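Same order as they appear, the protein sequences are chains A and B.
If you count by the numbering used here, then the first sequence holds residues 1 to 233, one letter each, in order.
If you count by the numbering used here, then the second sequence holds residues 1 to 210, one letter each, in order.
Derived from the structure by calculation, the hints contain no laboratory data.
It should be emphasised that the depicted structure is a prediction, and the values quoted were computed from it without experimental measurement.
Each residue gets a CB set at the ideal place from its N, CA and C atoms; glycine is no exception.
Hints are not guaranteed to be accurate.
To be verified - Listed below are the simulated DSBU-like cross-link pairs for lysine-lysine, each with C-alpha atoms no more than 35 Å apart in a straight line:
1. B:Lys-106 - A:Lys-173
2. A:Lys-54 - A:Lys-171
3. A:Lys-146 - A:Lys-99
4. A:Lys-16 - B:Lys-75
5. A:Lys-158 - B:Lys-106
Said to hold, decoys possible - Just the calculated beta-carbon pair ranges, DEER-fashion:
6. B:Glu-103 - A:Lys-16: 42 to 50 Å
7. B:Trp-23 - A:Gly-193: 33 to 41 Å
8. A:Lys-149 - B:Leu-195: 25 to 33 Å
9. A:Gly-180 - B:Trp-23: 46 to 54 Å
10. B:Tyr-177 - A:Lys-149: 14 to 22 Å
11. B:Trp-23 - A:Leu-154: 42 to 50 Å
12. A:Lys-99 - B:Trp-196: 50 to 58 Å
13. A:Leu-154 - B:Val-208: 50 to 58 Å
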Amino acid sequence: MSDSSNIAMQNPANSKKMLVAMVGIGIISAFLIVLTYELTLPRVQRLKAEALEKAIFEVLPGTVSTQTFGVNTDGTLFKIEDENKPESTVYAGYDKDEKLVGYAVEAAGQGYADIIRIIYGYDPDEQILIGFQVLESKETPGLGDKIEKEEAFLNNFKDLDVSVSADGQLKNKVITVKQGEKQNAWEIDGITGATISSRAIGDIIGTSTMEVVPILHEDYKKGQNKMNSNEQR
Amino acid sequence: MSNDNSTTKEKVTSTDEFIKGLWRDNPVFVQVLGMCPVLAVSNTAENALAMGLATAFVLLMSNILVSLLRNFVPKQVRIASYILIIATFVTVTDYAIQAISVELHKSLGAFISLIVVNCLILSRAEAFASKNTIGRSILDALGMGFGFTLALFCLGAVREILGNGSIFNVPLFSEGYQSWIVMILPAGGFFTLALWLLIINAIQTRKVKS
Chain A
1 MSDSSNIAMQ
11 NPANSKKMLV
21 AMVGIGIISA
31 FLIVLTYELT
41 LPRVQRLKAE
51 ALEKAIFEVL
61 PGTVSTQTFG
71 VNTDGTLFKI
81 EDENKPESTV
91 YAGYDKDEKL
101 VGYAVEAAGQ
111 GYADIIRIIY
121 GYDPDEQILI
131 GFQVLESKET
141 PGLGDKIEKE
151 EAFLNNFKDL
161 DVSVSADGQL
171 KNKVITVKQG
181 EKQNAWEIDG
191 ITGATISSRA
201 IGDIIGTSTM
211 EVVPILHEDY
221 KKGQNKMNSN
231 EQR
Chain B
1 MSNDNSTTKE
11 KVTSTDEFIK
21 GLWRDNPVFV
31 QVLGMCPVLA
41 VSNTAENALA
51 MGLATAFVLL
61 MSNILVSLLR
71 NFVPKQVRIA
81 SYILIIATFV
91 TVTDYAIQAI
101 SVELHKSLGA
111 FISLIVVNCL
121 ILSRAEAFAS
131 KNTIGRSILD
141 ALGMGFGFTL
151 ALFCLGAVRE
161 ILGNGSIFNV
171 PLFSEGYQSW
181 IVMILPAGGF
191 FTLALWLLII
201 NAIQTRKVKS
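Construct the complete structure from the given sequences, taking the supplied hints into account.
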């Protein structure tokens, strides 16, 4: 009798204690997480910016300085000086004589595990892609992450045709084919064992180049005209 | 070796508390705990070391907090509170690794968040830290953490040498070396773990006999 009444009396106090314990630990946890987040944020952002800069130099060989551009809805480029970047961003790379090497374009899309973020280098003179790098991916280690490491795959992007036809559209959309079946200059040789991931890269680049490359091509032509007229003067 | 039974805590010296995790009760080779990261992230020596240290850090911090709060947390919600504490420190570690190196964060990827479900950490919280003083819990966590790191490194080093012909990304063999790719694939993890378990068990049985 006394036992059962004891339990009945203890119960409310006990659940209160449980609640206090859980809420207390929750508050400590929240505090710790927010503290670390705030402390590490500046450094993480700096490291990410550095990694991006390195990636731009990588996909546009010979670049020594860059200029960030945003893309207007009407298809023109505008310079960005501050940190607030819009959704789609283009980086122009210049060599030591201030001559344009090419454009680096950031793109993202669904991979096998999560969103894959990539950057590719576009050479407007030759109208080809000249470099490619994965910025962020959570693809399966050992399988899907071959898109970052496999040399044969990465070699696809050293000379990938993205030429623009007369009507201002891309002649051929970039696409991934099965490994060993690449026949045309705009096709990406896929990876056996990373089919979905390598196809995802093809999709991301295909979609992004369809949108951005005509704009860049237009911008480049205008830039050349300007330069020519400058020389004539 | 003969008095393996460490229930008589009072008699266990501090150094023993530390040493036991390294050898006698090694979390990987003897207790066979936390196999997911052991098999998955031990494909290179660098990854293995980073993963081991990250786990050791989470283990240390959670052991400290669990031990501090051991008289405050009611029995009924102890597991929930341990998981909350562990998850907190895993998130902290995640941010810290990102701040140290983006590259490292990229190569460890999803496995950092998976430290939450590493049964080694929960088992130390439940079996040790919730019943012992902070000092002992710290020693226990350090011993177990370094034992775990050591074991991961043993696996990672063997797999990287055989599978990639290098150690810490430094090539060991001449150009002609045909790397044994299966060793860095998941199957290689099982092979290497079995090999190490065989060696450790052989040594221990020999010790008991003599």
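Going down the list of hints, with the structure as the test:
| no. | hint | in the structure |
| --- | --- | --- |
| 1 | B:Lys-106 - A:Lys-173 | holds, 30 Å |
| 2 | A:Lys-54 - A:Lys-171 | holds, 31 Å |
| 3 | A:Lys-146 - A:Lys-99 | holds, 34 Å |
| 4 | A:Lys-16 - B:Lys-75 | holds, 13 Å |
| 5 | A:Lys-158 - B:Lys-106 | holds, 24 Å |
| 6 | B:Glu-103 - A:Lys-16: 42 to 50 Å | holds, 48 Å |
| 7 | B:Trp-23 - A:Gly-193: 33 to 41 Å | holds, 39 Å |
| 8 | A:Lys-149 - B:Leu-195: 25 to 33 Å | holds, 26 Å |
| 9 | A:Gly-180 - B:Trp-23: 46 to 54 Å | holds, 51 Å |
| 10 | B:Tyr-177 - A:Lys-149: 14 to 22 Å | holds, 18 Å |
| 11 | B:Trp-23 - A:Leu-154: 42 to 50 Å | holds, 44 Å |
| 12 | A:Lys-99 - B:Trp-196: 50 to 58 Å | holds, 57 Å |
| 13 | A:Leu-154 - B:Val-208: 50 to 58 Å | holds, 54 Å |
Of the numbered hints stated above, none is contradicted by the structure.
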